[in-house]
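K.L.:
This is what each chain is made of:
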Amino acid sequence: MIQVQELTHRYGERIALNKIGFDVKDGEIFGLLGPNGGGKSTLFRILSTMMVPTGGHAAVAGDDVVRNPAAVRRHIGVVFQTQSLDKALTVEENLRAQGHLHGLSGAELRDRMARSMDRVGLTGRGKDLVETLSGGMRRRVEIAKALLHRPRVLLMDEASTGLDPAARRELTRHIGELRDREGVTILLTTHVLEEAERCDRLALLHEGNIVALGSPDELRSRVGGDVVALESSDAPGLARGIESRFGMKTTTVDGRVRVEIPNGHRFIAEIVEAFPGAIQSVGLHKPTLEDVFVRETGATIE
Amino acid sequence: MCSCGKRGQPLSNLFLPSATLWQRELVRFWRQKSRVLGVVASPLVFWLLIGYGSNDLARFYSGALVLTVMFSAIFSTISIIEDRREGFLLSMLVSPAPRTSLVLGKILGSATLAWLQGLIFLCFAPLAGVRIGLLDLLPVVAAIFLISFTLTGMGFVIAWRMESTAGFHAIMNLLLVPMWMVSGSLFPMATAHGWIKGVMWANPLTYSISLLNHVLRMPNATPSGMVSLTVTAAFGLALLITCGMVAAQKAAKSAA
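Chains as they are written, first to last, in the numbering used here: chain A, 19 to 320; chain B, 518 to 773.
Chain B with its partners taken away, still in its complex shape (with noise of 0.2 Å):
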């Protein structure tokens, strides 16, 4: 059923394709660097304006900081659904690289891209009045990176069952922004009412805002920093394991 994991294949099979997947997509965001710019400058803006509109920059700084790298994780992942028609993805296709191995390449690609646009918004912190130590450093960046991954999951198993990036639109729209609204990026679990809290609880994105939250020790933060690690790891796992199924599964259909 699977073309990965063959028995016996030396490991330099997995991880050649994926380490030149992986590099492919940093170069190619090096040479457009102007992506940046499109990525970090939206939820900059969002952030600016509705923080200071309400006075609190704090507060929604970490709902803007999550929106970056949802935003990246989706212009990267949207790419798969023209690459597979015309383009890299093609000849990935029927190459003898396991299919494992391009999913992995391609989703730690794209995670570090949404990552390190993620560190980009990090920069904005001080005028949150955020301070991080250089102790907190290392949690908070790993943090934005697991994140990161998760988000760019997401993206990779909706974008691998599109035939046109219209799709991708709709549900970005009608799915995934809505998810970032109701995660606490715009007003708290506490104050949320009736149904919606229920919602924020089943959310995934709620925690990720709320571990984000606690490395950047903001007041306030729910559910527990503990919680919010496991589902967070737990959600980006889940999301791995479907993205290689999916695209396993693909591969055994019609890949055109």
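Looking at chain A on its own, in the form it has when it is part of the complex (with noise of 0.2 Å):
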């Protein structure tokens, strides 16, 4: 449903994309995970055909967004980082005037509203004004914005930004409804793990290249075992010491020694014993998608 190939983006000097490719499969939930700046906005803006790449390719739907913007908007639903509504005007007057914009009109664009308005548990706020509205409920009039041409793919910017954590899982379970029953691609990208996770398959961006690519399971499998998460005074010393000792190989970070083991728990008994005093703290847990991310960047996401 979207195609990505060698696709290129630099601000001047800067590479915010480095021929970065991939492809997302019809139907499928797909997410770009990452730090800020690693890439995420960029390739968005251009997939929602907002910006034009130095270099590459990108398709959506077979056309080209480059060379048929056109159609590319008419095959896309877009959810911004940022507030795309008018706050001065009512839900219903915001959602007609996007109809409008996507050439619908009388008795089929009144459906559609209702529709969409029902399908986000919107029925009866029609006529609220948006400024009015929680942060919560504007993500849902976005939502039921984006969709209301029925595109075949929808573009979320980290659509959960702002959420509280609750009004973030009804968005994660609805995102997951919208693919089930209605069949929409979904790309999004997010820096929040838990919404990472619910994602069928993951591209992990950091500086213009995409590090990980696959499911959340396929990439945690990346990781062997156990992590281990040592806290020191001296970390890069104690990092040298385990690795020159045991002969693993670790990463630190924020003055953080990770050690990926299998039977971690074991491993935590000996290394207390073998560097006294050194550690203030130890940590064990089983890998997760951040763990897959320090492990092949060196760097956190958030």
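No lab work stands behind these hints: they were computed from the structure.
Worth double-checking, as some hints may not be accurate.
[Claimed, not checked] Only some residues are given here: those of chain B computed to face chain A with a beta carbon under 10 Å:
id: 1; residue: P534
id: 2; residue: Q540
id: 3; residue: R602
id: 4; residue: S608
id: 5; residue: L610
id: 6; residue: A614
id: 7; residue: M698
Note that the coordinates shown come from a computational prediction; the quantities given were computed from them, not determined experimentally.
Heads up, the beta-carbon is just placed ideally off N, CA and C, and yes, glycines get one too.
Dock chain to chain to rebuild the complex, using the hints, since each chain is given by itself in its own frame.
P.N.:
Below is the structure:
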């Protein structure tokens, strides 16, 4: 549904995207996970036809975003990180205006408005002014608006920004329903791990490169066994000690030494004995997407 | 190069987005009625102070009316800058609606608001001793619309390329307000000195003020009515074309 090949974008000297490539399948929830400044927003702007890349290709439903932006705009519904509603208008007025921009009118538009409001649980709120709605409600209006013309692809940029955890979970659930019931293909950008977990596949973006690509399970399975995180006042020294004594690979991020190892609990006993007094705290957990990211980049997401 | 005016596109594709944007401007305005006060009040105060002070309200009336229209046009178009980063304009830019229709809708909407506020200012005409007969009303109203359209087009061209509202304020103070000052609003071209006179000849606003003076039947309006109308209309048309061009161009590069 979405094809990206050798896509490159430079802002002057700075490379925001470095020859990246991936395919998003029909009916899939595809996530772009990475820290701010990793290239997610640039990619989002290119796919939503707001920006022309400096190199490479991207196509949505077979139409090239540069050569045929008008066709791409018919295929996509876009939810922006910032608000794209007119606060001085009501929910219905916002949706109607959006419909008109897509050439919808009359009975068909009324029907679609009613359905898309129903779909996101906004029935009965049509006459409310957007400025009187909560953040979570506004997000729902944004989604209803993006889906009004029944796009095949929904592009969402950090759509959960500014939402409380409950509203965020509801949004995630809603996105899943959209794929299951309507077969909408969804591409979203996020730096929230919980959201990334719910994607069918993920691309981890770091400094303009895709450092890993796969389902959350596949990505996690790259990390062997458990992750042991050790806090120390001399993290680099501890890391060197572990590497020489145990012959293991370590990563040090933010004063924490991370070690990937099967049966981590046994290792903890050994290591605390081996470096008495050097370790301030010990943590053991099953691998998370954050661990995958740290492993691939040596940096954290947030 | 231009995403607008694809052949074979039904006219409704152009009309519907324009109409909806036009309507949006009006609805917003109606819900924020206090904006009228902001736009009409300051030119009114300037006019009354200068007019009473120099004991000639009539001479400064046209200038004050054009200033009202100009303020309104600036306030409406300045919203484009913020709207593009965070607001309704974002979803317009990723919709299949032709750029031309978006430009047209925005300009017509803003021009209508400027025109309405110009008409409000017109109600103060009797204070200036200006009597407008019923037959004269139509040309007056039409002239105010033409001027509103032109000034909105000017605001649009400036705003579309701006990254911040601060930049727009600078342009307003350094370009638009001085343009208004040397347009015959404060002193007639006949008494202007040296190079200022040349600037006045070249200033498109001079022709707007003069057009208004003609339809209001003010004495000593120069240049002639026909010249004023032609220049104002030509300037408006040129701005409209420029608006369409800058909007299409920006879309091809980066809209964010």
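K.L.:
Would you mind marking each hint as holding or not holding in the structure?
P.N.:
Structure-based check of all given hints:
Because the beta carbon of P534/B sits about 5 Å from the nearest beta carbon in chain A, less than 10 Å, this interface hint is met. Nearest Cβ of chain A to the Cβ of Q540/B: about 8 Å, under the 10 Å cut. The hint holds. At about 7 Å, the closest approach between the beta carbon of R602/B and any beta carbon in chain A falls short of 10 Å, and the interface hint on this residue holds. Given hint, S608/B at the interface with chain A, holds; its Cβ is 4 Å from that chain's nearest Cβ, closer than 10 Å.
With 10 Å as the threshold, the beta carbon of L610/B comes within range of chain A, its nearest partner Cβ sitting at about 6 Å, so the hint holds. Interface hint status for A614/B: upheld, as the beta-carbon distance to the closest one in chain A is roughly 4 Å, under 10 Å. With its C-beta approaching chain A no nearer than about 34 Å, M698/B sits outside the 10 Å limit, and its interface hint is violated.
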